[in-house]
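Enquirer: Heads up, the sequence shown is in numbering that gives the first Met the number 0, so the first residue is 0 and it goes up one at a time.
Simulated from the structure, these hints should not be mistaken for lab results. Don't be surprised by glycine CBs; every beta carbon is placed ideally from N, CA and C.
The list that follows gives simulated cross-link-like pairs (lysine-lysine, DSSO-like), each with its CA atoms no further than 30 Å apart:
#1 Lys263 - Lys105
#2 Lys105 - Lys276
#3 Lys105 - Lys241
#4 Lys113 - Lys75
#5 Lys263 - Lys304
#6 Lys317 - Lys35
#7 Lys317 - Lys356
#8 Lys243 - Lys105
#9 Lys287 - Lys105
#10 Lys263 - Lys110
#11 Lys263 - Lys241
#12 Lys62 - Lys326
#13 Lys316 - Lys68
#14 Lys276 - Lys112
#15 Lys113 - Lys287
#16 Lys276 - Lys243
#17 Lys332 - Lys356
#18 Lys287 - Lys112
#19 Lys243 - Lys110
#20 Lys332 - Lys348
#21 Lys75 - Lys112
#22 Lys304 - Lys316
#23 Lys317 - Lys62
#24 Lys348 - Lys317
#25 Lys112 - Lys263
#26 Lys304 - Lys113
#27 Lys276 - Lys113
#28 Lys316 - Lys75
#29 Lys248 - Lys263
#30 Lys316 - Lys332
#31 Lys356 - Lys62
#32 Lys332 - Lys317
#33 Lys263 - Lys276
#34 Lys35 - Lys62
#35 Lys241 - Lys276
#36 Lys316 - Lys326
Distance windows between CB atoms, simulated:
#37 Asn244 - Phe305: 31 to 37 Å
#38 Thr48 - Leu308: 28 to 34 Å
#39 Ser109 - Asn298: 24 to 30 Å
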Amino acid sequence: MPKDSTQHNEQNEKLSVSTNSNAINRFKNLQKKEIKVDSIFEAILNGETAALSKGITLIESSKPEHTQKGQQLIEKCLPFANNSIRIGITGVPGVGKSTFIEALGKLLLSKEKKVAVLAIDPSSSLSHGSILGDKTRMESLVQSSNAYIRPSPSGKSLGGVAQKTRESIILCEAAGYDIIIIETVGVGQSETAVHSMVDFFLLLKLAGAGDELQGIKRGIIEMADSIVINKADGDNLIPAQKAKNQFVKALHLYPENQNNWSTKVLTCSATEGIGIKEIWELINDYIKITTENGFFTQNRMSQNKFWLLQTIEEQLKKSFYNTPSIKAELNSKIQEVQQNQLTPFAAAKYLLDLNTKK
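Start from the sequences, fold in the hints, and give me the full structure.
Expert: This is how it looks when you write it as structure tokens:
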């Protein structure tokens with residue numbers, strides 16, 4: 000391996016470890032210092048990235064005292080939010096999401112846009128840890144003062160997004176970021192969650208990965224506003240064009256979208272910067288069309304309703320499992336179910352009835 004490549008890898012490893020350490024230190028600092036919501040809020044409005052990071056850490060914390068202050072911060076920031084374009088980007092691991100985001104981000108910076116990237120790293124189901132290495136994969140973008148990259152662990156949440164991603168969007172908008180890019184885990188989970196918090200949903204695909212014909216199936220492709228075949232360069236250029244044609248044919252089988260927008264298929268090479276300009280123009284066309292026909296506003300309203308119901312469900316679930324009587328009985332009922340002494344349905348009914356009597 001060349002010497003400069005070895006040094007580059009060592010730097011990435013050190014930066015990845017540093018990112019993990021910084022995430023841990025942020026939570027420790029919240030515990031040590033008195034949290035002044037007004038001070039954090041004012042600093043966020045002034046575009047201070049340190050305050051933005053502190054604010055997101057606050058709303059991500061599960062401590063009750065942090066939850067209350069985090070809610071106060073969100074409420075203060077809300078009047079200054081809803082003024083950005085929110086873009087969701089998903090795709091399987093290895094499709095080049097981080098490279099694509101960096102290429103798109105650099106283009107947006109050249110157009111004097113402020114870009115925030117909320118990158119979600121998958122959490123281990125065993126150790127519950129995350130690498131949080133997206134800053135190491137976006138080395139050029141992270142150096143700009145007009146770009147903000149925040150890696151967060153997905154935790155136990157489905158949909159490939161962290162539990163507090165939507166709240167983080169509000170804080171980023173209050174800090175003055177014009178474009179909010181959400182990079183999802185992309186590990187085959189339902190992407191409904193990220194689709195319900197963005198204005199434009201982009202699906203990255205690869206040619207020759209054996210999944211071109213998956214375009215005829217419903218699901219994530221049905222939600223995509225655009226499908227982009229990445230790594231369309233060199234020997235992969237012709238396969239990428241073939242994959243594009245297959246997706247275009249497959250999409251004809253789908254009914255017309257409610258927003259009067261037909262899903263577009265493009266190719267690009269994020270590493271060489273080819274096709275990135277056309278993708279941004281496509282996003283602008285989508286925003287223009289959906290704004291004019293009223294879908295943009297209607298979609299934002301529907302998303303608010305969705306997250307209201309999601310929040311209620313989340314709070315009910317949390318309240319249920321934190322009830323002392325449920326905690327006292329839950330393990331015994333689990334054992335009875337495992338030993339076939341009780342059906343799961345009967346055990347659930349018993350616990351739910353117990354909860355209503357509290």
